[in-house]
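Trainee: Build out the structure end to end from the sequences listed, making use of the hints.
There are 2 protein chains.
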Amino acid sequence: MQSYWMLMTDTDTVLERRDVPVPVPGPRQLLVRMHAAGLNRGEFLLTHGLHGAPGTWKAIGGEGAGEVAAVGAEVTGFRPGDRVMGRCAGAFADYTLMEAPETMIVPDGLAWEDAASIPLVFLVTFDMLVLQGRLRAGEWLLVNGVSSGVGVASLQLGKALGARVIGTSGSAAKLEALASLGLDVALRTRAPDFAQAVMGATDGHGADLVVNTVGGSMFAENLRAMAFEGRLATVGHVDGVMHADLDLGTLHAKRLTVFGVSNKLRTKEQRAAAIPRFVAEVLPLIEDQSLRPIVDRVFPLEEAEAAYALVESDATFGKVILSA
Amino acid sequence: MQSYWMLMTDTDTVLERRDVPVPVPGPRQLLVRMHAAGLNRGEFLLTHGLHGAPGTWKAIGGEGAGEVAAVGAEVTGFRPGDRVMGRCAGAFADYTLMEAPETMIVPDGLAWEDAASIPLVFLVTFDMLVLQGRLRAGEWLLVNGVSSGVGVASLQLGKALGARVIGTSGSAAKLEALASLGLDVALRTRAPDFAQAVMGATDGHGADLVVNTVGGSMFAENLRAMAFEGRLATVGHVDGVMHADLDLGTLHAKRLTVFGVSNKLRTKEQRAAAIPRFVAEVLPLIEDQSLRPIVDRVFPLEEAEAAYALVESDATFGKVILSA
Chain S
1 MQSYWMLMTD
11 TDTVLERRDV
21 PVPVPGPRQL
31 LVRMHAAGLN
41 RGEFLLTHGL
51 HGAPGTWKAI
61 GGEGAGEVAA
71 VGAEVTGFRP
81 GDRVMGRCAG
91 AFADYTLMEA
101 PETMIVPDGL
111 AWEDAASIPL
121 VFLVTFDMLV
131 LQGRLRAGEW
141 LLVNGVSSGV
151 GVASLQLGKA
161 LGARVIGTSG
171 SAAKLEALAS
181 LGLDVALRTR
191 APDFAQAVMG
201 ATDGHGADLV
211 VNTVGGSMFA
221 ENLRAMAFEG
231 RLATVGHVDG
241 VMHADLDLGT
251 LHAKRLTVFG
261 VSNKLRTKEQ
271 RAAAIPRFVA
281 EVLPLIEDQS
291 LRPIVDRVFP
301 LEEAEAAYAL
311 VESDATFGKV
321 ILSA
Chain C
1 MQSYWMLMTD
11 TDTVLERRDV
21 PVPVPGPRQL
31 LVRMHAAGLN
41 RGEFLLTHGL
51 HGAPGTWKAI
61 GGEGAGEVAA
71 VGAEVTGFRP
81 GDRVMGRCAG
91 AFADYTLMEA
101 PETMIVPDGL
111 AWEDAASIPL
121 VFLVTFDMLV
131 LQGRLRAGEW
141 LLVNGVSSGV
151 GVASLQLGKA
161 LGARVIGTSG
171 SAAKLEALAS
181 LGLDVALRTR
191 APDFAQAVMG
201 ATDGHGADLV
211 VNTVGGSMFA
221 ENLRAMAFEG
231 RLATVGHVDG
241 VMHADLDLGT
251 LHAKRLTVFG
261 VSNKLRTKEQ
271 RAAAIPRFVA
281 EVLPLIEDQS
291 LRPIVDRVFP
301 LEEAEAAYAL
311 VESDATFGKV
321 ILSA
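One line per chain: the protein sequences are S and C, in this order. According to the numbering used here, numbering within the first sequence proceeds without interruption in unit steps and concludes at 324. According to the numbering used here, numbering within the second sequence proceeds without interruption in unit steps and concludes at 324.
These are calculated hints, taken from the structure and not from any lab test. All C-beta atoms, glycine included, are put in the ideal place defined by N, C-alpha and C.
Computed Cβ-Cβ distance ranges for the label pairs, DEER-style:
id	chain 1	residue 1	chain 2	residue 2	range
1	C	Gln196	S	Asp296	45 to 53 Å
2	S	Pro192	C	Val238	30 to 38 Å
3	S	Ser290	C	Pro21	55 to 63 Å
4	C	Gln196	S	Leu310	42 to 50 Å
Every beta carbon over 10 Å from chain C, so not counted as near; a handful from chain S, in silico:
id	residue
5	Arg17
6	Gly182
7	Ala315
Covered by chain C, per the in silico footprint, the following chain S stretches (three or more residues, Cβ under 8 Å):
id	segment
8	212-222
9	234-248
10	251-260
Mentor: Okay, here's the thing in structure tokens:
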């Protein structure tokens with residue numbers, strides 16, 4: 001038996017530590033002794049009843065890092081004692097299961113807390129910027145809501161890949177803090193002449209790739225701010241505007257692409273297929289420290305509720321981590 | 001000197017045959033003795049004053065086929081006498097220039113009239129379905145406005161590539177005619193339960209790729225009819241609805257991609273880059289006749305005005321060709 005944080009999804013949401021059996025790995029799974037787990041806003045929606053059936057308990061914690069304790073019968077490439085990081089269903093526990101094809105070896109010298117902050121947000125960001133967004137060195141990346149988790153990761157990965165980055169935020173203080181991460185151009189999210197400002201900052205070229213974490217309210221301005229053959233990734237809607245006005249004339253004339261991102265719904269096979277490219281293209285950037293995970297605060301595993309309260313406060317800059 | 005059809009773009013549009021010098025090929029150009037030229041609705045917008053500066057003359061005819069008469073100093077791979085087909089600026093003439101990197105050898109046995117109907121519509125369609133749309137054998141392709149030029153080419157190329165095709169049209173007669181080209185499922189364009197009908201026809205899977213030649217009025221229904229990770233190409237707006245309602249919730253949840261297509265605005269380099277793949281993947285389908293160009297009617301070059309009138313009437317099924 002081990003203790004495990006479970007979430008009751010109901011109108012009265014409850015986060016509770018319960019005793020459950022240590023799981024047994026399936027043929028392609030790893031049993032991992034957890035050292036650190038990352039918190040994400042996505043699972044946080046659970047507490048607002050947006051995911052999961054009411055009245056059911058659900059293990060939470062979607063990513064973490066730890067030591068391999070046992071491997072399934074068909075697993076190759078991992079053995080007990082390996083330091084690993086990856087996605088999982090239930091990271092806030094002493095032991096959890098990871099799918100071997102979606103798990104990575106932790107780079108030498110990387111702390112557990114840093115490793116736990118990588119798998120989810122950087123894999124989503126890599127998929128969005130590189131696999132789907134085809135970002136190339138020298139291009140202009142525009143990040144709407146650059147101070148969010150995915151926003152900061154987009155800025156970091158974009159810069160590490162050689163892009164020039166324009167970021168928007170409602171907070172001047174956050175924009176100032178992001179200058180230290182290499183933000184080239186800072187704009188207020190709802191600047192009245194937004195598209196014109198982007199065009200000006202890019203010498204009339206426009207944004208080659210837009211990451212929109214804000215939602216539908218930014219869409220029309222984003223299209224006007226885009227370069228010929230630009231791509232727009234829509235990844236959130238914190239503004240609550242779920243419908244966007246799509247100007248087909250602009251879409252045709254500039255040959256624009258718009259795509260929706262949600263890592264949750266990718267298949268296991270698709271997620272696994274992205275891992276080798278992530279290992280080859282992103283882990284070296286972490287190893288040579290051109291890309292550094294940003295951890296805002298580490299809580300002990302027992303204080304999961306306080307950690308979630310901090311995430312909910314929106315006062316963080318970087319990841320919140322639970323440490324075993 | 002040669003005679004050449006030129007268009008006066010003005011409120012009083014005039015299509016007129018004028019005497020102009022035979023052009024001299026630049027270093028990477030071919031001088032082509034034209035045998036046949038294709039008519040396209042795109043250039044037809046000229047006559048409505050939508051393209052081109054008023055009061056200026058412009059050579060028209062965007063594609064054709066003929067014999068190489070002379071080659072530029074840097075041209076390799078072509079020599080005088082070769083049968084070629086390709087894009088050009090001014091196909092309705094005795095001689096025209098083609099860019100060598102955008103020009104293809106006509107497959108053996110293909111008539112001039114058939115060859116002249118290929119370059120523009122099939123290159124746009126190939127770019128849309130394959131290079132951008134990533135259509136795979138066994139997938140469901142939904143073509144809105146399947147009886148249009150791009151619509152019929154999408155049906156033909158989709159079937160030749162092994163896709164299953166659902167087509168919509170406002171005309172029951174046209175839908176019936178398209179059954180002979182392999183249309184799997186025919187739907188009326190504004191059927192009240194459109195998305196449900198597509199879901200039913202695909203056993204609940206939805207359309208993997210949508211070609212929307214109709215415009216903004218079909219957008220919301222199209223999104224509902226799409227499969228997980230579906231792609232939507234928006235390529236026209238004959239309905240005049242230039243703004244579409246984009247439901248971000250659906251875009252995120254199904255990880256959809258929407259992209260705008262307009263071949264005119266591609267760079268010369270991008271068009272040239274598509275040629276080797278077109279030659280390798282599409283020309284063999286034309287050679288083995290699994291893909292056959294559809295020519296509605298051939299006019300002599302002298303009757304360009306009558307040919308345009310036929311295109312404008314929207315009564316055609318397949319291409320209208322001018323023959324020298």
